[in-house]
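Student: What follows is the residue order along each chain.
Number of protein chains: 2
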Amino acid sequence: MNQNDECDEEEAVVLGLDGGTTSTICVCMPLLPNLPDPLPVLGRAIAGCSNHNSVGETLARNTLEQVMMEALLESGRKQSAVKAVCLGVSGANHPKDQERILNWLRDIFPSNVKLYVQNDAVAALASGSMGKLHGCVLISGTGSIAYGFSKDGKEAHAAGGGPILGDWGSGYGIAAQAFTAVVRAHDGRGPQTMLTDSILKYLSLSSSDELIGWTYADPSWARIADLVPQVVSCAVAGDEVANKILNDAVAELAVTVKAVVQRLGLCGEDGNGQFPIVLVGGVLVANKNWDIGQKVVDCLVKTYPGAFPVRPKVEPAVGAALLACNFLIKEKRRE
Amino acid sequence: MNQNDECDEEEAVVLGLDGGTTSTICVCMPLLPNLPDPLPVLGRAIAGCSNHNSVGETLARNTLEQVMMEALLESGRKQSAVKAVCLGVSGANHPKDQERILNWLRDIFPSNVKLYVQNDAVAALASGSMGKLHGCVLISGTGSIAYGFSKDGKEAHAAGGGPILGDWGSGYGIAAQAFTAVVRAHDGRGPQTMLTDSILKYLSLSSSDELIGWTYADPSWARIADLVPQVVSCAVAGDEVANKILNDAVAELAVTVKAVVQRLGLCGEDGNGQFPIVLVGGVLVANKNWDIGQKVVDCLVKTYPGAFPVRPKVEPAVGAALLACNFLIKEKRRE
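As you go down the protein sequences, you meet chains G and S in turn.
Our numbering numbers the first residue of the first sequence as 1 and each following residue consecutively.
Our numbering numbers the first residue of the second sequence as 1 and each following residue consecutively.
Just chain G, with the same shape it has in the complex:
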């Protein structure tokens, strides 16, 4: 008899993981059909990047194993108590990528443990919908993506292609437009803007000429995206160029959500169907004085009066854990 089958149902747990580009977070939660509020997080651990494209396969696997064991240790449960694991991982769009990561997890857990690998946007959606896969999540952090599910399980996404492929509503997109505006003001192609002083001061550069060297010294997208708060400050102070950049980003993000809503028919045949729009990422939540997330929602409800914003109260790793619970319960019902 397998050790796992001896485990008391009350002790059964699930693991939810958020494998982002800079860190990996794992939470351990009890496996319950109805979770109390607040959600009982039994253990939580953080580790470094687990993206195999960034750190290589061996390190990625080790990081995943380590962060799960730490979360379990903190929860005081044995590994045999784990009934399901759900990992939301950035950049895992291809079935091939997901299959590879599933195989790593398969080496760690016995075969009766249910394993799920999802795009990190799906875990983010679940963090706002409490594990229910319905509606659309809009993420705008360094990158941007909209990812949605219809009630009958169809899924669709838009954007998420990175800067070369036009994610202009992302933090990277906003900051790159601001950099461009500074260069254009400097060489006479565009109007003067407060962005020049703000960005040069923030980067400790003495002239716009130095911006080229700074920009290409390090190709990290996140390093560029870090400048978004400068753009917001200038917009709040009334700078027209900064306001245009943010308004363009709002329009772009709204178009991204609309593409998903249309393809899935989330608004119903009459266009008034109710569905959540889960807002995630620094660009959408961080700036109260120029609230990009709220403006995107304002734009969307004009077209879809049944759309309502949800700002998650729990982190994506918890969303992944909720997905693990729900996927497992569904599978059990089918069996």
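Quick caveat, the hints were computed from the structure, so don't treat them as lab data.
Just to be clear, a hint being listed does not mean it is correct.
All copies of an identical chain are treated as equivalent in the list; a pair is satisfied when it fits inside any one copy or across any two copies.
Unchecked claim - Okay, derived cross-link-like pairs now, BS3-like style, lysine-lysine, Cα gap no bigger than 30 Å in a straight line:
(1) Lys288 - Lys132
(2) Lys258 - Lys313
(3) Lys313 - Lys295
(4) Lys151 - Lys288
Please build the complex by placing chain S on the supplied structure of chain G, with the hints as guidance.
Tutor: Same frame as chain G, but now just chain S:
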């Protein structure tokens, strides 16, 4: 007595170099106050990249020395016949960069040889103006830049900051917009376009989903810019998305030239002053059916009736050699 001073004036030569991002070209020409037509190129040699940012300082120096010695060998002149060297080099914007390269040349030639290092755009301008630094050159190849000189020697440039800093009229910019259009058509954010079939076929990809992997597999800008002919073909075939991308590029390039013209006052006080616009680079010259260069000129002459297009008949290395002659003759006159 220095060996160089023995050299007969009739035998005196100059070297012109075009140090691009993929190759380095050197030509050897006679030092004459008035050059005959066609220009007498005594020797010509090609070598690999001499950009120290790409290949490192030692290799860059060796490449420069080698290509100059080969051109001299072909010309049948001795090194002592060289009176001046002008090198147009991409990315040498900072005086610090120019100083470093000057020092390399200084190690190769005796102190009486005049040495000049210029931005490659200046050599390109000279290739159209036959060595006279007046007017504006517009380059659009992988990147884009406008660089101009007024009659009284003031200089100014616009764009040239690379893709993150908004060189949207460049080959990279055009192709990146086309890629974005394919992704937008695929995920529902944008209209369908012929670009999808054209680009996927050219890249041997079976689906737009695969474009993300292809794009980020190699960060080379030139690899993206290679797709410009596909965009032109689709535009010629009537595709609206492709036509909009090219029209936007035309507008962007015209704004880039205008910024330089305005800052230098090239059009004179009455706005009708005559000045050349030298057109250089694959984007501006390669496509007769949808002539981006001609459309930029059409746009410019509406504002500046005295502007006239020049399509260089000689290569930038010859432009650099002409500059070497002119700089040297000017210095001699001053002395």
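Student: The structure should be examined with respect to each hint, and the outcome stated for every one.
Tutor: Against the structure, the hints come out as follows:
no.	hint	verdict
1	Lys288 - Lys132	within (28 Å within a copy, 56 Å between copies)
2	Lys258 - Lys313	within (24 Å within a copy, 51 Å between copies)
3	Lys313 - Lys295	within (20 Å within a copy, 54 Å between copies)
4	Lys151 - Lys288	neither (32 Å within a copy, 52 Å between copies)
Hint violations for this structure: number 4 only, all remaining hints satisfied.
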